[in-house]
Amino acid sequence: MFKDYTGLTESKSFEEWYKAFNDNLNEETVRDGLVPATTYLALDESGKLIGMIDIRHRLNEYLLNFGGHIGYSVRKLERRKGYAVEMLKLALKKCIELNIKEVLITCDKQNIASAKTITSNGGVLENEIFDPNDNTITQRYWIKLA
Numbered sequence: 001m002f003k004d005y006t007g008l009t010e011s012k013s014f015e016e017w018y019k020a021f022n023d024n025l026n027e028e029t030v031r032d033g034l035v036p037a038t039t040y041l042a043l044d045e046s047g048k049l050i051g052m053i054d055i056r057h058r059l060n061e062y063l064l065n066f067g068g069h070i071g072y073s074v075r076k077l078e079r080r081k082g083y084a085v086e087m088l089k090l091a092l093k094k095c096i097e098l099n100i101k102e103v104l105i106t107c108d109k110q111n112i113a114s115a116k117t118i119t120s121n122g123g124v125l126e127n128e129i130f131d132p133n134d135n136t137i138t139q140r141y142w143i144k145l146a
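Position 113 of the sequence shown, counted from 1, bears residue number 113 in the working numbering, the numbering being contiguous throughout.
Hints should not be assumed to be uniformly reliable.
[Claimed, not checked] Between beta-carbon pairs, the in silico distance windows are:
{"id": "1", "residue 1": "127", "residue 2": "47", "range": "22 to 32 angstroms"}
{"id": "2", "residue 1": "119", "residue 2": "76", "range": "16 to 26 angstroms"}
{"id": "3", "residue 1": "116", "residue 2": "146", "range": "15 to 25 angstroms"}
{"id": "4", "residue 1": "38", "residue 2": "126", "range": "18 to 28 angstroms"}
{"id": "5", "residue 1": "146", "residue 2": "58", "range": "16 to 26 angstroms"}
{"id": "6", "residue 1": "82", "residue 2": "28", "range": "20 to 30 angstroms"}
{"id": "7", "residue 1": "46", "residue 2": "128", "range": "31 to 41 angstroms"}
{"id": "8", "residue 1": "27", "residue 2": "96", "range": "12 to 22 angstroms"}
[Stated by the list, open to error] Below, computed lysine to aspartate or glutamate pairings styled on DMTMM-like, alpha-carbon distance capped at 20 angstroms:
{"id": "9", "residue 1": "89", "residue 2": "102"}
{"id": "10", "residue 1": "116", "residue 2": "102"}
{"id": "11", "residue 1": "89", "residue 2": "44"}
{"id": "12", "residue 1": "89", "residue 2": "45"}
{"id": "13", "residue 1": "101", "residue 2": "126"}
{"id": "14", "residue 1": "76", "residue 2": "86"}
{"id": "15", "residue 1": "19", "residue 2": "32"}
{"id": "16", "residue 1": "109", "residue 2": "131"}
{"id": "17", "residue 1": "81", "residue 2": "44"}
{"id": "18", "residue 1": "81", "residue 2": "45"}
{"id": "19", "residue 1": "76", "residue 2": "45"}
Since the hints were derived computationally from the structure, they do not count as laboratory data.
The structure displayed is predicted, hence computed values, not measured ones.
C-beta atoms are modelled at their ideal positions from N, C-alpha and C, and glycine is treated no differently.
Could you build all of it, start to finish, from the sequences and the hints given here?
And the structure:
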């Protein structure tokens with residue numbers, strides 16, 4: 001299941017989501033309990049949405065345990081085509097620009113495809129912890145950036 005920290009599933013319209021998207025960019029306007037984040041849309045050559053990736057500029061206590069610096073999702077019909085690996089690769093370059101030296105990325109233990117995406121980009125499993133909110137095991141990976 002995709003944990004939507006971007007507000008997309010809660011928004012009634014694109015305009016409402018876009019306002020929340022802009023609000024999430026700055027410490028002064030980000031919603032309570034969230035941290036500043038930048039969301040990128042992955043589009044194919046024709047402009048069709050392939051997926052989304054969210055870079056959180058810092059971690060709070062919850063993100064340190066369960067959400068990490070980066071969250072991503074690829075449309076079901078576009079999975080298993082290498083998009084997630086490439087999206088994460090590009091997001092890690094943005095993390096360097098944001099001066100994030102070590103990136104935490106998490107995924108549900110059952111999400112083998114996401115774990116492979118993370119390890120393909122240099123992720124090293126630190127540990128697994130129980131998430132009482134979802135009743136799942138969360139795997140926590142770190143990627144050290146140059």
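Structure-based check of all given hints:
1. The hinted range of 22 to 32 angstroms is not satisfied by residue 127 and residue 47, whose Cβ atoms lie roughly 40 angstroms apart.
2. Here the CB-CB span from residue 119 to residue 76 is close to 22 angstroms, well matched to the stated 16 to 26 angstroms.
3. Remark: the range hint 15 to 25 angstroms for residue 116 to residue 146 is upheld by a beta-carbon distance near 23 angstroms.
4. In this structure the supplied range 18 to 28 angstroms holds for residue 38 paired with residue 126, their Cβ-Cβ distance being about 24 angstroms.
5. Between residue 146 and residue 58 the CB atoms are about 20 angstroms apart, so this pair conforms to the stated range of 16 to 26 angstroms.
6. Taking 20 to 30 angstroms as the suggested C-beta distance range, the pair residue 82 and residue 28 does not conform, at roughly 38 angstroms.
7. A hinted range of 31 to 41 angstroms for the beta carbons of residue 46 and residue 128 is consistent with their spacing of about 39 angstroms.
8. For the hinted restraint 12 to 22 angstroms between residue 27 and residue 96, the CB-CB distance of approximately 21 angstroms keeps it satisfied.
9. Among the hinted pairs, residue 89 with residue 102 is consistent with the structure: their alpha-carbon atoms are about 14 angstroms apart, no more than 20 angstroms.
10. Taking the CA atoms of residue 116 and residue 102, the gap is near 19 angstroms; set against the 20 angstroms cutoff, the hint holds.
11. For the given pair, residue 89 sits about 16 angstroms from residue 44 by alpha-carbon distance, which is consistent with the 20 angstroms threshold.
12. With a CA separation close to 19 angstroms, the supplied pair residue 89 and residue 45 stays within the 20 angstroms bound.
13. A distance of roughly 16 angstroms separates the Cα atoms of residue 101 and residue 126; the hinted pair therefore holds under the 20 angstroms criterion.
14. Note on residue 76 and residue 86: the hinted pairing holds, with a Cα-Cα distance of about 16 angstroms set against a maximum of 20 angstroms.
15. Restraint check: the Cα-Cα separation between residue 19 and residue 32 comes to about 15 angstroms, which is no more than 20 angstroms; the hinted pair holds.
16. Pair hint residue 109 plus residue 131 holds up; C-alpha atoms about 11 angstroms apart against a cutoff of 20 angstroms.
17. A hinted pair counts as satisfied when its Cα atoms are at most 20 angstroms apart, and residue 81 with residue 44 qualifies at roughly 12 angstroms.
18. For the suggested pair residue 81 and residue 45, the alpha carbons sit about 15 angstroms apart, so the restraint of at most 20 angstroms is met.
19. Between residue 76 and residue 45 the alpha-carbon distance is near 18 angstroms, which keeps this suggested pair within the 20 angstroms criterion.
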